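**Student:** Chain residues, written in single-letter form:
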Amino acid sequence: MALSIDGTGNGTIGNLSVTTATGNIVSSGDSGTITASMLDGGQSGSAPIFGARAWANLTYNQVISNSGNVSSVTDHGTGDFSINFTTVMPTINYATVAMGRTDTISQYANDKNETLVCLAKGRTDSTSAVRIVSMSVYGSPHSYIDAWELRIIVVC
Amino acid sequence: MNSNKKILYQTEEGGVAVITPANNCPLTVEEIATKDVPAGRPYKIVDASEVPTDRTFRNAWEYQE
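These protein sequence lines are chains A and B, in that order. Take the position in the first sequence, starting the count at 1, then add 373; the result is the number in our numbering. Take the position in the second sequence, starting the count at 1, then add 505; the result is the number in our numbering.
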């Protein structure tokens, strides 16, 4: 029996199938791959889609403006910090994209005093956090600086 | 709000690490400390207002028990 309800009002659903679903319904055979046809936006092409497993928008002094799957940010020192995941990544072989902004002062736009963000040198990968450094590429030698803003995405 | 608190611990290099909890994290500050402070390392939870906002000499900050 596909649907049964006992005397206490508790229900059980078994062998339920969806035969007329369209759009963003994964109807069968969850392979872990999201295809364009599973989305609602009329996306074209057959290339698979991979979602972000964590993301964060940080501002100066490690203020977390917004984030997903981020429990906290560890400030290790000037320009050196970790993004800690609420739920760990399934592998250390994830991809990280991070961008920093030096400031928002329009007077100094295009002066090339930009902020470069890198995976921290000499640190091992972890499924629970990613450690990154931000540095100024202005002047020599380069030095760590605290980015005015930092945005990061983790995908795997 | 989680971000009203900071979690402090001494780094391996002798400096101080400052953890800012995310407000939208479902964990408590204590749970975040347990998870995000390196295992076995002492830490303390303080009001965020106790951490300096002037970062000019950030790398000279020291952890005090």
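Worth flagging that the hints you see were computed from the coordinates, not collected in a lab. Do not rely on the hints blindly, as some may be mistaken.
Covered stretches of chain A, going by a simulated chain B footprint (3 or more residues, C-beta under 8 Å) [claimed, not checked]: (1) 430-440; (2) 468-474.
Restricting the straight-line Cα-Cα distance to at most 25 Å, the calculated cross-link-like pairs of lysine to any residue (SDA-like) are [unchecked claim]: (3) B:LYS540 to A:VAL470; (4) B:LYS540 to A:THR477; (5) B:LYS540 to A:GLY418.
None of the values given here were measured: they were computed from a predicted structure. Glycine residues also receive a C-beta, built at the ideal position from the N, C-alpha and C atoms.
**Student:** If a hint holds in the structure, say so; if it does not, say that too.
**Tutor:** Cross-check of the supplied hints:
1. Under a criterion of three residues with beta carbons nearer than 8 Å to beta carbons of chain B, the stated coverage of the segment 430-440 of chain A is upheld, 6 such residues being counted.
2. Three residues within the 8 Å Cβ limit are the bar, and the segment 468-474 of chain A against chain B gives 0, so the coverage statement is violated.
3. With a C-alpha separation of about 24 Å, the suggested pair LYS540 of chain B and VAL470 of chain A falls inside the 25 Å cut-off, and the hint holds.
4. Note on LYS540 of chain B and THR477 of chain A: the hinted pairing is violated, with a Cα-Cα distance of about 34 Å set against a maximum of 25 Å.
5. Taken as a hint, the LYS540 of chain B and GLY418 of chain A pair is broken in the structure, with Cα atoms around 41 Å apart against an allowance of 25 Å.
The structure fails to meet hints 2, 4 and 5 from the earlier list, while all remaining hints are met.
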